[in-house]
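Going down the list, the sequences are from chains A and B. Numbers given in this note's numbering equal positions in the first sequence, counted from 1, plus 1. Numbers given in this note's numbering equal positions in the second sequence, counted from 1, plus 38.
Simulated from the structure, these hints should not be mistaken for lab results. Incorrect hints may appear among the rest.
[As the list claims (entries may be wrong)] Covered stretches of chain B (chain A as the covering partner; in silico rule of three or more C-beta atoms under 8 Å from a C-beta of chain A):
| id | stretch |
| --- | --- |
| 1 | 44-56 |
| 2 | 116-122 |
| 3 | 128-137 |
| 4 | 257-267 |
[What the hints assert, rightly or not] Partial chain A-side listing against chain B, Cβ under 7 Å, derived:
| id | residue |
| --- | --- |
| 5 | SER22 |
| 6 | VAL33 |
| 7 | HIS44 |
| 8 | GLY46 |
| 9 | PHE55 |
For every residue, glycine included, the Cβ atom is placed at its ideal position computed from N, Cα and C.
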Amino acid sequence: MTRSIRDWLWIVVFATLVTFSVPWFLWGSSTVVAGLPVWLWWHVGWMGVASVAFALFARTGWDRLMGVETAPARGGDP
Amino acid sequence: MSLQPLGIVVGYLLLALGVGLLAYRVGGSDAEDFYLASRTLGTLVLLFTTFATLLSAFTFFGGPNLAYAAGPEWILVMGVMDGVLFAILWYVIGYRQWLIGRARNYVTLGEMLGDRFASPGLRGLVAGVSLLWLFPYVMLQQMGAGEALRGLTGGAVPYWGGAALITLFMIVYVMLAGLRGVAWTDTLQGLFMLSVLWVAVVWVVSAVGGVGAATEGMVAANPEFAALGGGLYTPQFIISSAVTIAFGVTMFPQINQRFFVAKSATVLKRSFALWPVLVLLLFVPAFMLGAWAAGLPIEVPEGANVLSVLLAEYTPTWFAAVVVAGAMAAMMSSSDSMLLSGSSYFTRDLYRPLVAPDASDRREAWIARIGVAAFATLAFLASLSRPGTLIEVGDTAFSGFALLAPPVMVALYWEATTRDGMIVGVGVPQVLYLLHVLVPATTVEVAGTTVDLLARSYGGWDVALAFMVLGALLTVGISAVSSQSVGEDATRFAVHGD
Numbered sequence: 002m003t004r005s006i007r008d009w010l011w012i013v014v015f016a017t018l019v020t021f022s023v024p025w026f027l028w029g030s031s032t033v034v035a036g037l038p039v040w041l042w043w044h045v046g047w048m049g050v051a052s053v054a055f056a057l058f059a060r061t062g063w064d065r066l067m068g069v070e071t072a073p074a075r076g077g078d079p
Numbered sequence: 039m040s041l042q043p044l045g046i047v048v049g050y051l052l053l054a055l056g057v058g059l060l061a062y063r064v065g066g067s068d069a070e071d072f073y074l075a076s077r078t079l080g081t082l083v084l085l086f087t088t089f090a091t092l093l094s095a096f097t098f099f100g101g102p103n104l105a106y107a108a109g110p111e112w113i114l115v116m117g118v119m120d121g122v123l124f125a126i127l128w129y130v131i132g133y134r135q136w137l138i139g140r141a142r143n144y145v146t147l148g149e150m151l152g153d154r155f156a157s158p159g160l161r162g163l164v165a166g167v168s169l170l171w172l173f174p175y176v177m178l179q180q181m182g183a184g185e186a187l188r189g190l191t192g193g194a195v196p197y198w199g200g201a202a203l204i205t206l207f208m209i210v211y212v213m214l215a216g217l218r219g220v221a222w223t224d225t226l227q228g229l230f231m232l233s234v235l236w237v238a239v240v241w242v243v244s245a246v247g248g249v250g251a252a253t254e255g256m257v258a259a260n261p262e263f264a265a266l267g268g269g270l271y272t273p274q275f276i277i278s279s280a281v282t283i284a285f286g287v288t289m290f291p292q293i294n295q296r297f298f299v300a301k302s303a304t305v306l307k308r309s310f311a312l313w314p315v316l317v318l319l320l321f322v323p324a325f326m327l328g329a330w331a332a333g334l335p336i337e338v339p340e341g342a343n344v345l346s347v348l349l350a351e352y353t354p355t356w357f358a359a360v361v362v363a364g365a366m367a368a369m370m371s372s373s374d375s376m377l378l379s380g381s382s383y384f385t386r387d388l389y390r391p392l393v394a395p396d397a398s399d400r401r402e403a404w405i406a407r408i409g410v411a412a413f414a415t416l417a418f419l420a421s422l423s424r425p426g427t428l429i430e431v432g433d434t435a436f437s438g439f440a441l442l443a444p445p446v447m448v449a450l451y452w453e454a455t456t457r458d459g460m461i462v463g464v465g466v467p468q469v470l471y472l473l474h475v476l477v478p479a480t481t482v483e484v485a486g487t488t489v490d491l492l493a494r495s496y497g498g499w500d501v502a503l504a505f506m507v508l509g510a511l512l513t514v515g516i517s518a519v520s521s522q523s524v525g526e527d528a529t530r531f532a533v534h535g536d
């Protein structure tokens, strides 16, 4: 099975999502914005980004990456 | 303080039992329905039954306790592990298992592996290892419940009383309801818990003068709480915890069995995308309550759950009772799922293949029920000794399960995996990890430097991480040098489009 560039792109997206779930660049920062630590706001935003990315993946890359795609898919839902 | 909150808790648990019984009457009575609800769970029910299974004493009481003691960064650990890493494994392991399980009607992980590698021994090994680590995790729920009720009733109900109550409910519930019942009550409880948790946040925050004031109080009491990292939270700790827990969760019997039950791929896809949002909605309020409590003038006794104490102080008694009831019910459904899956591992993978191959269905059903009662009772007795904090006990169990994940992933994706590779890849890391858990660490002098032996962590890294890597290497390495045994059939794990 050969992997297309799109498959690799998804793998990079997943790796990025995992890596920056912890905002390492804010390490030690104690800035408080609107009542909460700034790294907590990053967490809130990042989970939103992850959810959108997962939804996109479920729609476009889900079966292809698993290698079970047969006929050309027409969207996600049957 | 009185026993009135106890009435609310017991009432709620009885309500959950009623829903389970209703579901039982709707469902069929064969094994596939009892354990897998006939593979017909829709998005909402699958999402919440998996979610509620995670919603255990570990997250609900252990997490806030940790945030109270060490700061709110635990939110990030749970975010990376549950929101992102677990979601990805949900696809990588879960979807693959769903495809394979649907084609060949598997009910348990051990059954799937045993069939592929033509090895009742491997099947029994996987089931045995799973039951071993399930034990401390059931204990964890009993410990959490015992503390929760004691905190809520101001000591009127002793620790053992709360633990005994939840044990009793667990046993009765699992015997009567089956997965359909568990899944229904999970959905009810998941939605209920999310709602009351947010009400609790609004209540506490308005009592202390807003989010800003709560955070200011927290920072004033513990200046390092707002900063990312520091104290307990080293990068090693964050990565170790997130990786072992995320991989461990996929191998939990009750979660792993959920991979077989989705009605369609669409259900799996929707659950996958909604996962990070659900994680966000649950963990941020739960753990921030724990962290804010550090800046509030409340007294948390040694070993008590900060959440119970906080609610008892800042909300009316009945509301605190409702939250604790919800948490206990959630812990009950976690435990029910565990015990139910555990009993299917026991009867299908150990009892039937190894002890009594021609046992009747009726006999098997009885053995399952007796097994559940014995397992829960033993866990209850062990929980009375309180061997560590909720997080410590939970983390040990998660790491034990996590060691199963690498060999299983190799088997799912690599056709050349052999039976010998699997047995060594599963067995050796388990033995090594058990040694590290059970035998106290010692230091020895080697060539002038001191070396830690059998420590749980090295340089801040959980030793289980190394054993996960070892498990993967052993599975691949031994498979490469050994040949396929008679009866092994890699095509059973081949996946095709539908």
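Hint check results:
1. 44-56: Our answer is that it is violated, as 0 residues pass the Cβ test (under 8 Å) against chain A, missing three.
2. 116-122: Our answer is that it holds, as 4 residues pass the Cβ test (under 8 Å) against chain A, meeting three.
3. 128-137: That given contact holds, which follows from 4 residues of the stretch 128-137 of chain B lying within Cβ reach (below 8 Å) of chain A.
4. 257-267: Since 7 is at least three, the answer is holds.
5. SER22: At 4 Å from the nearest chain B Cβ, SER22 (chain A) passes the 7 Å test, so the hint holds.
6. VAL33: 6 Å, holds
7. HIS44: Holds - the Cβ of HIS44 (chain A) comes within 7 Å of chain B, reaching about 5 Å at its closest.
8. GLY46: Violated: closest Cβ of chain B sits about 10 Å from GLY46 (chain A), beyond 7 Å.
9. PHE55: 4 Å, holds
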